[in-house]
Amino acid sequence: MWQPIQLHELKALIAQQVVECSPETCALFEANAIAPQKWALSSWGNDGGGFWAIAIIGKTVLWYNDIEEGFNTSSFTHEGTIEQYWCNQDTLHEAMLGLTPNAPKLGAPDAPA
Numbered sequence: 000m001w002q003p004i005q006l007h008e009l010k011a012l013i014a015q016q017v018v019e020c021s022p023e024t025c026a027l028f029e030a031n032a033i034a035p036q037k038w039a040l041s042s043w044g045n046d047g048g049g050f051w052a053i054a055i056i057g058k059t060v061l062w063y064n065d066i067e068e069g070f071n072t073s074s075f076t077h078e079g080t081i082e083q084y085w086c087n088q089d090t091l092h093e094a095m096l097g098l099t100p101n102a103p104k105l106g107a108p109d110a111p112a
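Going by numbering that gives the first Met the number 0, the first residue of the sequence shown is number 0, and it counts up by one from there.
Rather than coming from a laboratory, the hints here were simulated on the basis of the structure. A virtual CB, placed ideally from N, CA and C, is assigned to each residue, including glycine. Accuracy of the hints is not assured; some may be wrong.
Stated by the list, open to error - Only pairs whose alpha carbons sit at most 30 Å apart, straight line, appear in this in silico DSS-like list of lysine-lysine:
{"#": "1", "residue 1": "K10", "residue 2": "K37"}
{"#": "2", "residue 1": "K10", "residue 2": "K58"}
{"#": "3", "residue 1": "K37", "residue 2": "K58"}
Stated by the list, open to error - Restraint-style ranges between C-beta atoms, simulated for each label pair:
{"#": "4", "residue 1": "I66", "residue 2": "H7", "range": "12 to 22 Å"}
{"#": "5", "residue 1": "V17", "residue 2": "K37", "range": "34 to 44 Å"}
{"#": "6", "residue 1": "P22", "residue 2": "Q2", "range": "27 to 37 Å"}
{"#": "7", "residue 1": "D46", "residue 2": "A26", "range": "30 to 40 Å"}
{"#": "8", "residue 1": "G48", "residue 2": "E82", "range": "28 to 38 Å"}
{"#": "9", "residue 1": "A34", "residue 2": "H77", "range": "16 to 26 Å"}
{"#": "10", "residue 1": "S42", "residue 2": "P22", "range": "32 to 42 Å"}
The whole structure should be built from the sequences, with the hints applied where relevant.
Spelled out as structure tokens, the structure:
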């Protein structure tokens, strides 16, 4: 049976994946990271008390879908509520690429600094 990821497990996963990010995506993440907090996303997140939000960039939240074991980005209107459910199994770097200006397309190597 599925169990929601615990905060210490999430922090370890983030720490592991931040080092795999390009300098640009790492800097963007670090500049916008928040202390992980549970945000609501009905009905998918109800059983786990919500999903862990880990960064806010404008009106976009970066969150971890512990059901599908991947990072996702979604818009929000009110802090604490994720508007769209995504079941991507993206790494932190892959999710951040969608938020990085002039980011290379997925599957392409990062552009030289």
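Here is what the structure says about each hint:
1. K10 x K37: holds (13 Å)
2. K10 x K58: holds (23 Å)
3. K37 x K58: holds (17 Å)
4. I66 x H7: 12 to 22 Å: With Cβ atoms ~19 Å apart, the hint holds.
5. V17 x K37: 34 to 44 Å: For K37 against V17, whose Cβ atoms are near 21 Å apart, the range 34 to 44 Å is violated.
6. P22 x Q2: 27 to 37 Å: About 35 Å separates the Cβ atoms of P22 and Q2, which means 27 to 37 Å holds.
7. D46 x A26: 30 to 40 Å: Holds, at about 35 Å.
8. G48 x E82: 28 to 38 Å: violated (18 Å)
9. A34 x H77: 16 to 26 Å: Taking Cβ atoms as reference, A34 and H77 lie about 18 Å apart, which means the hint holds.
10. S42 x P22: 32 to 42 Å: Distance hint for S42, P22 holds at roughly 39 Å.
The structure does not agree with the numbered hints 5, 8 stated previously, though it agrees with the rest.
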